[in-house]
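From first to last, the protein sequence lines stand for chains A and B.
Letter 81 of the first sequence, counting from 1, is numbered 81 in the working numbering, and no numbers are missing.
Letter 29 of the second sequence, counting from 1, is numbered 29 in the working numbering, and no numbers are missing.
It cannot be assumed that every hint is accurate.
[What the hints assert, rightly or not] Lysine-lysine pairs mimicking DSSO-like chemistry, simulated, CA-CA at most 27 Å apart:
no.: 1; chain 1: A; residue 1: K3; chain 2: B; residue 2: K101
no.: 2; chain 1: A; residue 1: K38; chain 2: A; residue 2: K107
no.: 3; chain 1: B; residue 1: K101; chain 2: B; residue 2: K24
no.: 4; chain 1: A; residue 1: K3; chain 2: A; residue 2: K70
no.: 5; chain 1: A; residue 1: K107; chain 2: A; residue 2: K3
no.: 6; chain 1: A; residue 1: K38; chain 2: A; residue 2: K3
no.: 7; chain 1: B; residue 1: K101; chain 2: A; residue 2: K38
no.: 8; chain 1: A; residue 1: K107; chain 2: A; residue 2: K16
no.: 9; chain 1: B; residue 1: K78; chain 2: A; residue 2: K107
no.: 10; chain 1: B; residue 1: K101; chain 2: A; residue 2: K107
no.: 11; chain 1: B; residue 1: K78; chain 2: B; residue 2: K24
no.: 12; chain 1: B; residue 1: K68; chain 2: B; residue 2: K24
no.: 13; chain 1: A; residue 1: K70; chain 2: A; residue 2: K107
no.: 14; chain 1: B; residue 1: K101; chain 2: A; residue 2: K70
no.: 15; chain 1: B; residue 1: K68; chain 2: B; residue 2: K78
no.: 16; chain 1: B; residue 1: K24; chain 2: A; residue 2: K38
no.: 17; chain 1: A; residue 1: K38; chain 2: A; residue 2: K70
no.: 18; chain 1: A; residue 1: K38; chain 2: A; residue 2: K16
Derived from the structure by calculation, the hints contain no laboratory data.
None of these values were measured; they are calculated from a predicted model.
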Amino acid sequence: AQKVTQAQTEISVVEKEDVTLDCVYETRDTTYYLFWYKQPPSGELVFLIRRNSFDEQNEISGRYSWNFQKSTSSFNFTITASQVVDSAVYFCALAQGGGADGLTFGKGTHLIIQP
Amino acid sequence: DAGVIQSPRHEVTEMGQEVTLRCKPISGHDYLFWYRQTMMRGLELLIYFNNNVPIDDSGMPEDRFSAKMPNASFSTLKIQPSEPRDSAVYFCASSDENLAKNIQYFGAGTRLSVL
Numbered sequence: 001a002q003k004v005t006q007a008q009t010e011i012s013v014v015e016k017e018d019v020t021l022d023c024v025y026e027t028r029d030t031t032y033y034l035f036w037y038k039q040p041p042s043g044e045l046v047f048l049i050r051r052n053s054f055d056e057q058n059e060i061s062g063r064y065s066w067n068f069q070k071s072t073s074s075f076n077f078t079i080t081a082s083q084v085v086d087s088a089v090y091f092c093a094l095a096q097g098g099g100a101d102g103l104t105f106g107k108g109t110h111l112i113i114q115p
Numbered sequence: 001d002a003g004v005i006q007s008p009r010h011e012v013t014e015m016g017q018e019v020t021l022r023c024k025p026i027s028g029h030d031y032l033f034w035y036r037q038t039m040m041r042g043l044e045l046l047i048y049f050n051n052n053v054p055i056d057d058s059g060m061p062e063d064r065f066s067a068k069m070p071n072a073s074f075s076t077l078k079i080q081p082s083e084p085r086d087s088a089v090y091f092c093a094s095s096d097e098n099l100a101k102n103i104q105y106f107g108a109g110t111r112l113s114v115l
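Kindly generate the complete structure, drawing on both the sequences and the hints.
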């Protein structure tokens, strides 16, 4: 069975602070894919990043960066210089095998950026 | 390009009534997924299709739930009879290995309230 744990239920920071959202996963597969999605207050789910199990390179996209470490089964997400518009629920998710299967989601982290 | 389109956006019904949720995937995508989001259980996969064929329906909660995909551009999720505990947001997502690298793109969701 596979599992995704986001231990931080809610995080509140002041604008411009850096914030890291934690994600720990469990799977028996050697091939798998990890994802982060954003759910703003409007409710839709917005894709942010996809990473396969063979690519441990960290990735940076603007103010967003992701740290994938297979040794600790973690795929953490950092927002640098946070902005109020970053306020949302962020979900980490796992897809086994080739990545075409359904996603197993974590419970999500509610991020609140205060002005 | 249009994204995944779900209808209706909101549905309010009374216990015992039949409810049909609809989804139009992104053109060219050959995978379609149905998820349910509740406060208690988070985001759960209900069923998914590949080339209009159901692949995994192990997440469908009960026989009251059924899903069909009569063609590549349309899918339905039906609940009959509906119960208050079915109240949730239902998301449809689609993906494709070639076009979308197995990234699932989500519709805006249908918020179902069963009274």
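Results of checking the hints against the structure:
The hinted pair formed by A/K3 and B/K101 meets the criterion: a straight-line CA distance of about 22 Å does not exceed 27 Å. The hinted pair formed by A/K38 and A/K107 meets the criterion: a straight-line CA distance of about 12 Å does not exceed 27 Å. The straight-line distance between the Cα atoms of B/K101 and B/K24 is roughly 19 Å, inside the 27 Å bound, and the hint therefore holds. The hinted pair formed by A/K3 and A/K70 meets the criterion: a straight-line CA distance of about 15 Å does not exceed 27 Å.
Straight-line distance between C-alpha atoms of A/K107 and A/K3 comes to about 10 Å, which keeps the hinted pair within the 27 Å bound. Restraint check for A/K38 and A/K3: the C-alpha separation of about 19 Å stays at or below 27 Å, so the hint holds. Between B/K101 and A/K38, the direct Cα distance comes to roughly 19 Å. Compliance with the 27 Å bound is thereby established for this hinted pair. At most 27 Å may separate the alpha-carbon atoms for a hinted pair to count; A/K107 and A/K16 meet this at roughly 25 Å.
Restraint check: the Cα-Cα separation between B/K78 and A/K107 comes to about 26 Å, which is no more than 27 Å; the hinted pair holds. With a CA separation close to 24 Å, the supplied pair B/K101 and A/K107 stays within the 27 Å bound. The suggested pairing of B/K78 with B/K24 holds, with an alpha-carbon distance near 15 Å, which does not exceed 27 Å. Using a Cα cut-off of 27 Å, the hinted pair B/K68 and B/K24 holds, with the two alpha carbons roughly 12 Å apart.
Simply put, A/K70 and A/K107 have alpha-carbon atoms about 21 Å apart, close enough for the 27 Å limit, and the pair holds. For the given pair, B/K101 sits about 21 Å from A/K70 by alpha-carbon distance, which is consistent with the 27 Å threshold. For the hint pairing B/K68 with B/K78, the CA-to-CA distance comes to about 8 Å; that is within 27 Å, so the pair holds. Under the criterion of a C-alpha separation no larger than 27 Å, the hint pairing B/K24 with A/K38 is consistent with the structure, at around 22 Å.
At most 27 Å may separate the alpha-carbon atoms for a hinted pair to count; A/K38 and A/K70 meet this at roughly 23 Å. For the proposed pair A/K38 and A/K16, the alpha carbon gap of about 19 Å is at most 27 Å, so the pair holds.
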